[in-house]
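Chemist: We have chain A already, so just place chain B on it with the hints.
What follows is each chain in one-letter form.
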Amino acid sequence: MIPWDQALANRAARAPAPPAAASLPKDSLLAGFHPDHAPGAMEPLRIGASAGQNCPAALAALLHANALVEDLDIAGAPVLDAEVLVIGAGGAGCVAALTAARAGARVLLATKLRMGDGNTVMAEGGIQAAVGAEDSLQRHFDDTLRAGHFRADRALVAALVSDGPEAIRWLIREGMEFDLEDGAARIGGHLFRKKPGGATAARLLSHRDYTGLEMMRVLREAVLLTPGITVLERHPAVELLTDPHGGCAGAVLLDLEARRLVLARSGATLIATGGAGRLHLSGFPTSNHYGATADGLVLAYRLGAALREIESFQYHPTGIAWPPHLTGTLISEAARAAGGVLLNGLGQRFVEELGPRDVVAAAILREIAEGRGVARDGCAGVLLDTPGLEEAQPGILGKRLVTLTHLAHRAGFDPAQQPFLIRPTLHYQNGGIAIDAAGRTGVPGLLCAGEASGGLHGANRLMGNALLECVAFGRRAGAAAAEALRQDRPRGVGVAHLAAWERGLVAAGLPLDRRAPMLFPGYGNVDLGAVLPRARVAA
Amino acid sequence: MILTAPGLRVGADLGAHLAAGGGAGLAAALRDPAAIIPVIEAAGLRGLGGAGFPTHRKWGAVAAQPGPGKWVLCNGNEDEPGTFKDRFLLAETPHQVIEGALLAALAVRAAHVALYVNPREAATVATLRDAAACWSGHPLLAEVARAVGEPVAIAVVESSGLYIGGEETAAVASVEGRFPFPSLKPPFPAEAGVHGRPTLVNNVETLAQAGHILAHGADWYRALGRGGAAGTKLFSLSGDVLRPGLHELPMGTTLRELVFDHGGGILGGRAFKAVFTGGPSNTLLTAADLDAPMDFDGLRARGSRLGTGAMIVVGEGTSILRKTAEYVAFFAASSCGQCPPCKIGTFQVARLLERIEAGTGRPGDLAALRNLAALLPGSGRCGLVDGAATVLASSLRTFPEEYARAVRG
Chain A
0 MIPWDQALAN
10 RAARAPAPPA
20 AASLPKDSLL
30 AGFHPDHAPG
40 AMEPLRIGAS
50 AGQNCPAALA
60 ALLHANALVE
70 DLDIAGAPVL
80 DAEVLVIGAG
90 GAGCVAALTA
100 ARAGARVLLA
110 TKLRMGDGNT
120 VMAEGGIQAA
130 VGAEDSLQRH
140 FDDTLRAGHF
150 RADRALVAAL
160 VSDGPEAIRW
170 LIREGMEFDL
180 EDGAARIGGH
190 LFRKKPGGAT
200 AARLLSHRDY
210 TGLEMMRVLR
220 EAVLLTPGIT
230 VLERHPAVEL
240 LTDPHGGCAG
250 AVLLDLEARR
260 LVLARSGATL
270 IATGGAGRLH
280 LSGFPTSNHY
290 GATADGLVLA
300 YRLGAALREI
310 ESFQYHPTGI
320 AWPPHLTGTL
330 ISEAARAAGG
340 VLLNGLGQRF
350 VEELGPRDVV
360 AAAILREIAE
370 GRGVARDGCA
380 GVLLDTPGLE
390 EAQPGILGKR
400 LVTLTHLAHR
410 AGFDPAQQPF
420 LIRPTLHYQN
430 GGIAIDAAGR
440 TGVPGLLCAG
450 EASGGLHGAN
460 RLMGNALLEC
470 VAFGRRAGAA
480 AAEALRQDRP
490 RGVGVAHLAA
500 WERGLVAAGL
510 PLDRRAPMLF
520 PGYGNVDLGA
530 VLPRARVAA
Chain B
0 MILTAPGLRV
10 GADLGAHLAA
20 GGGAGLAAAL
30 RDPAAIIPVI
40 EAAGLRGLGG
50 AGFPTHRKWG
60 AVAAQPGPGK
70 WVLCNGNEDE
80 PGTFKDRFLL
90 AETPHQVIEG
100 ALLAALAVRA
110 AHVALYVNPR
120 EAATVATLRD
130 AAACWSGHPL
140 LAEVARAVGE
150 PVAIAVVESS
160 GLYIGGEETA
170 AVASVEGRFP
180 FPSLKPPFPA
190 EAGVHGRPTL
200 VNNVETLAQA
210 GHILAHGADW
220 YRALGRGGAA
230 GTKLFSLSGD
240 VLRPGLHELP
250 MGTTLRELVF
260 DHGGGILGGR
270 AFKAVFTGGP
280 SNTLLTAADL
290 DAPMDFDGLR
300 ARGSRLGTGA
310 MIVVGEGTSI
320 LRKTAEYVAF
330 FAASSCGQCP
340 PCKIGTFQVA
350 RLLERIEAGT
360 GRPGDLAALR
370 NLAALLPGSG
380 RCGLVDGAAT
390 VLASSLRTFP
400 EEYARAVRG
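So the sequences go chain by chain: A and B. Once you know that position 60 of the first sequence is 59 in numbering that gives the first Met the number 0, the rest is easy, because the numbers rise by one and skip nothing. Once you know that position 235 of the second sequence is 234 in numbering that gives the first Met the number 0, the rest is easy, because the numbers rise by one and skip nothing.
In isolation and in its complexed conformation, chain A is listed as follows:
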């Protein structure tokens, strides 16, 4: 490993790029250095609808766990009735709730933290949609499939890309602002498009470098102003409810303020709980928000929904590696899209910066593993050359890369003078709950949208497709949920599926006393024991 000061000197000396022989073919780079392929990182699932599928060990422990509640706990619990229950109030959840409510459904929007408190607000790069004259839906489709190593579901990808332009129109109508081309009039200008990593056309639409935050701003306002939606903040779902036919009939929520359970019964239930970064797979830091603990995955899987590509996670190439208190925090791809380069400790470029994220991340991990990384106060990484970028495009840091500059100030340095030390950070769950093009899972009455769902990204997500997924599939699933809503009040709603689950655990020889969902990461020191006695033995 090359010390920080030496690396800075090497950078200043402008070392030439290494000989071509030093670069590895994509496949061996991924096989050798991507965390998904590390030996021992995966284990096959032993029970459930996707038994046999490979899964990160930490996630498998949750998927193999027993429930936090049992039948006796919900006797006498207050009941809320809705036509559509949406679990999770990030981008996908809010879009779905809005769509269902506008279709006439009474919607309950329950969230573990607060509305918008999720990964959507942290999406910096932008949202993809094939709106350019030289671009096409076919190219967006091809780019998405190729980036995902052809493992995505073609029907889902087709739905995603063809919804793209309309999703942008919808967002604009909701009041979202996008960057316009230089010199364009405030009204009637052309959308400013950037070329996202892994794409063949300029297709990334953005609002500065806080596109997700701007999107969430308008969604939040819309949700609060829509009369058919009741928002329950600080109400995590701890179990799903079933009807006697095995369909989903709502969820058991935990009211964190009153410290009691609440039953939310519904005709259709939509999981929009996001990803699993806070499981810190293989010990990686994460760019994810505090609530990303795979709760929705655990609950849907226990009820019989299948999962796909659950062994595949995206490690964002440029997470902060130093200072330690900001470890894992994301530096948007916007910096690289604007021309920022990555340098190893020898001051050399080692990878095409705008390649697919998995390839760039694996290349960075290779530099570190093979001793060409940079060490600063015990933190290892490579350099993101922000001074070089400012030199080439004076003023860009202050004007366009606002979030990046803000982060540098929080870290205590000037990005125009000093490069960032970066390292891949656990960023996105590529797979998830298997859905169809309407967002329906295999379980009647259970739908899913957003990062929690699987099939859209294959084994690697293209940047900008996550926000598009939130809008496109939030709208699709929200509409399907409003259609699926049940007219008659369900009878015999409860947690009868847990008996079958426990029988499965016994048959597989798995312990009964491990409990999930996790709800909060262990280091959060949230004591749920008083209200959920069984939560004390966490998975």
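Quick caveat, the hints were computed from the structure, so don't treat them as lab data. Even glycine gets a Cβ: it sits at the ideal position worked out from N, Cα and C. Incorrect hints may have been included.
For the chain B half of the interface with chain A, some residues (derived, Cβ under 10 Å), not all of them [stated by the list, open to error]:
no. : residue
1   : R299
2   : A324
3   : E401
Modeler: Chain B alone, transformed into the frame defined by chain A:
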């Protein structure tokens, strides 16, 4: 055991049924039709649909009525929560059932055999239709017709699928093509049943046993049971056990054996709490009843009933209140509405339980429930309201703390 023996699980294939030893009971009966009822009596066969009424007395009553045109109605409506024995017999071994029905037709000299089946599972109905078609023109059926003295026809009749359609007078109404309203007794179906003709109504499981009794004799059958009880019983085991499912066990087997030996014990090592039996319309069995023999008299001595043999096991983690509310809601939705106390009473009880279960009950609600539990029994044409009141009263009496806790919130 006999009903679930793998050899006879041949589906609709009559040839395979006869090759596996089926048909022996019918053959024996054809040799001496007059001996059928005395053999059934000696075997101690009782109505396995839940009532436990001595089978030979029903058969004797219909036999004593004048022909022609009498009916045998094989009752396969089965819609009680937790009961899944008849659908097994009809789907897996329908010829056992048809053979028993023909045997009964022979004994009571009936010309019509109606296989009355719940349409819930289309595959089961299809199998039964195929199975019944195998008998048309079969020499065994011709022999039965000769002994009865008139042509014998087997018909598959789909029920309404409603729970109430399993009550015997409602079943008669259904076969006649009317809505399954239960009617006052007397007259009993044995006197005036389908189209006013004397009708023998028996449960699927009861009829399936008859062939084995005739084939192997009354003493052999009695010896299958334990204590004073005769034969075998199909137990539909469900709820919080490790291995739920259908178990054919000697009549008189203890609850402990069923739950812990055959069912693998309570799920997750929890403690045993209670069992809802039969409808589930009977008094709850508790840990004190674990060593009670499960037969008609044994459970009656404990103040409960064997019912259909459904044993819905409740472990420590499951709420009696929620289960009771679920079953009473089922009865309320199943009430045919003819008798006001049943229609209004079951609705009221269901409403009160739903309120308590949802955490909005008041202490006065418990008094109202006790009041209704005392008031309602005996107020309907059939036993539906009695069942709802019995299960309510029993859960209030045995688990008052669960109700109190929910009302306190």
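Chemist: Could you run down the list of hints and mark each one as holding or not?
Modeler: Now the hints, each set against the structure:
Interface restraint check for R299(B): the shortest CB-CB distance to chain A comes to about 29 Å, outside 10 Å, so the restraint is violated. Contact between A324(B) and chain A, as hinted, is supported at the beta carbon level, the nearest pair being about 9 Å apart and thus within 10 Å. Given hint, E401(B) at the interface with chain A, holds; its Cβ is 7 Å from that chain's nearest Cβ, closer than 10 Å.
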